[in-house]
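J.: What follows is each chain in one-letter form.
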Amino acid sequence: MAELARVVITGVGLTSPNGNDLPEFRRNLIAGVSGVEDYSIRHVGSTPAGVCHFDTLRYQGKKEARRGTRAGAISIWCANQALEDAGLAFDSSDVDSAAHYSRARTGVFTGITEHGNVETEHQIHEVAQYGFDLSFWSHHHNPRTVANNPAGEVTLNLGIRGPAYSLGGACAAGNLGLIHGAQMLQLGLVDLALGGGISESIHTFGIFASFRAQGALARHTDPVKASRPFDAARNGIVVAEGGCLFALERLDDALARGARIYGEVLGYHVNSDGTDFVLPDATGQENCMRGALAHSKLAAEDIDVVNTHATSTPSGDIIEAEAVRKVFDHAPETFVNNTKSYIGHAMGAAGALELAGNLPTFEDNLVHPTINVDELDPACALRNLVINEPVRIRRAKTILNMSFGMLGINSAVVVGRYTV
Amino acid sequence: MTQDEVVIAIKDIIAQIAPDEDLSGLEMDLRLREQIELDSMDFLDIVMELRKLYGVQVPEKDYMELATLSGCVKYLHPLLEKKSLHCAQRA
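Each protein sequence line maps, in turn, to chains A and B. Every letter in the first sequence is one number past the one before it in this note's numbering, and letter 331, counting from 1, is 331. Just add 1000 to the spot in the second sequence (first one is 1) and you have this note's numbering.
So that you can see chain A by itself, here it is in the shape it has in the complex (with noise of 0.2 Å):
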């Protein structure tokens, strides 16, 4: 097979509940702030969750933000965001023309957990206002839910003309838009790709409710203590929205640009458990962990750091760690963090948000910490489990990302610091 075109991270969009762009995220990452608060939704009443703070009308008129949804309104910023940090903004004026890039060579490619709940939630919710007549059920129901939404509405405010649509990949989606951007890129598809992940999960109470039923949605008087990964105490998940799209460009075009490079895809690894609709498989994981070390053509004790997927859950959070200390027990130089503790569990967005905060660690060799650890769970001890205070390491050269969800899907992705 021929040698594939080595791609690099050039320009980074997001927003989470603790920053609206990477710089003020990352200094949260290392200030230990976290973004959860108190979050009321419908049927459902008080919950913590991870809600986003951006300007929805910065990059979308009011009639545009009115026509979309939440998750358009994210992956608008997302990737405006992106395209201005990695310095390839379109000309507003011409839409047939592009700084570096034609609109007809750049995709979208959005990671989803889910798509399409929060609009029929609410029609329901309006219709039955109505007596169920469904004279009142919106014409704008379908644009609204079909699962190409976010990435469509990004072509629709950039006049992008190129392939854009969704990867549902239940929690494991934040990996999957950026591996599949990678993979366009290679095939010669596009030029530019914009790929990560986008959640407006906590507009459905759908979510919040299944979670609840299921014993899996946290519980605390404080909303920043309630995401607490490998804590004894933890007990369930915080439900956030948010989004991250990274610009994603081949190495030899991005040079050629003179473009800032903050990473390079080394490799990456999709699998399935293939045994249980919601319950994690360490063995699954543990595949998966090792099939992107294979992939990157790197050894465990390669890797620099491991962002967990980690959600809070009693279970999940145990399955996890068994999975990362039959990896990595045996790497002295791998530290593993966990991101979700700050922001709650985003989701689609997930794993390109939690890459995101990662990335500038090839910067400043601190490796974020996982807060709220006040008794570590024993059955979570991982070696090198970097707990509520930020680590200095020599140099950072490699992150390995995982994201694992429902129907037992796993993904993983190594990213390097760009060496020549």
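Hints are supplied without guarantee of correctness; some may be wrong.
Said to hold, decoys possible - Pairwise CB distance ranges (calculated):
| no. | chain 1 | residue 1 | chain 2 | residue 2 | range |
| --- | --- | --- | --- | --- | --- |
| 1 | A | Leu407 | B | Met1041 | 28 to 36 Å |
| 2 | B | Gly1055 | A | His43 | 39 to 47 Å |
| 3 | B | His1086 | A | Val146 | 45 to 53 Å |
Unchecked claim - Taking lysine-lysine and the DSSO-like style, the derived pairs with C-alpha atoms no more than 30 Å apart in a straight line are:
| no. | chain 1 | residue 1 | chain 2 | residue 2 |
| --- | --- | --- | --- | --- |
| 4 | A | Lys225 | B | Lys1083 |
| 5 | A | Lys225 | A | Lys297 |
| 6 | B | Lys1082 | A | Lys62 |
| 7 | B | Lys1052 | B | Lys1083 |
| 8 | A | Lys297 | B | Lys1052 |
Don't read these hints as lab results, they were simulated from the structure. Each residue gets a CB set at the ideal place from its N, CA and C atoms; glycine is no exception.
Please build the complex by placing chain B on the supplied structure of chain A, with the hints as guidance.
T.: Quick look at chain B alone, frame taken from chain A:
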């Protein structure tokens, strides 16, 4: 509702649907879509809001009657005459 109030009611609905538009200079007899950016989905929104706010059902065959503000008054006033104005922004 008077004829003037029907105009207020329609403009109020349009203000919700097309929030980026300046409605202050709208001409009564020019087609709305020639004066402001309104597409077919927006038009369906206007019909939906009339249904929700005032219980007025506008059948599809009559949509053209609502092309101008004066057309709206002519068509809607008989249907809204006995109803009171309440703006969408306050609904």
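J.: Now, for every hint given, state plainly whether the structure supports it.
T.: These are the hints, each one checked on the structure:
no. : hint                                : in the structure
1   : Leu407/A with Met1041/B: 28 to 36 Å : holds, 35 Å
2   : Gly1055/B with His43/A: 39 to 47 Å  : violated, 27 Å
3   : His1086/B with Val146/A: 45 to 53 Å : violated, 34 Å
4   : Lys225/A with Lys1083/B             : violated, 53 Å
5   : Lys225/A with Lys297/A              : violated, 39 Å
6   : Lys1082/B with Lys62/A              : violated, 33 Å
7   : Lys1052/B with Lys1083/B            : holds, 13 Å
8   : Lys297/A with Lys1052/B             : violated, 61 Å
Checked against the numbered hints listed earlier, the structure breaks hints 2, 3, 4, 5, 6 and 8; every other hint is satisfied.
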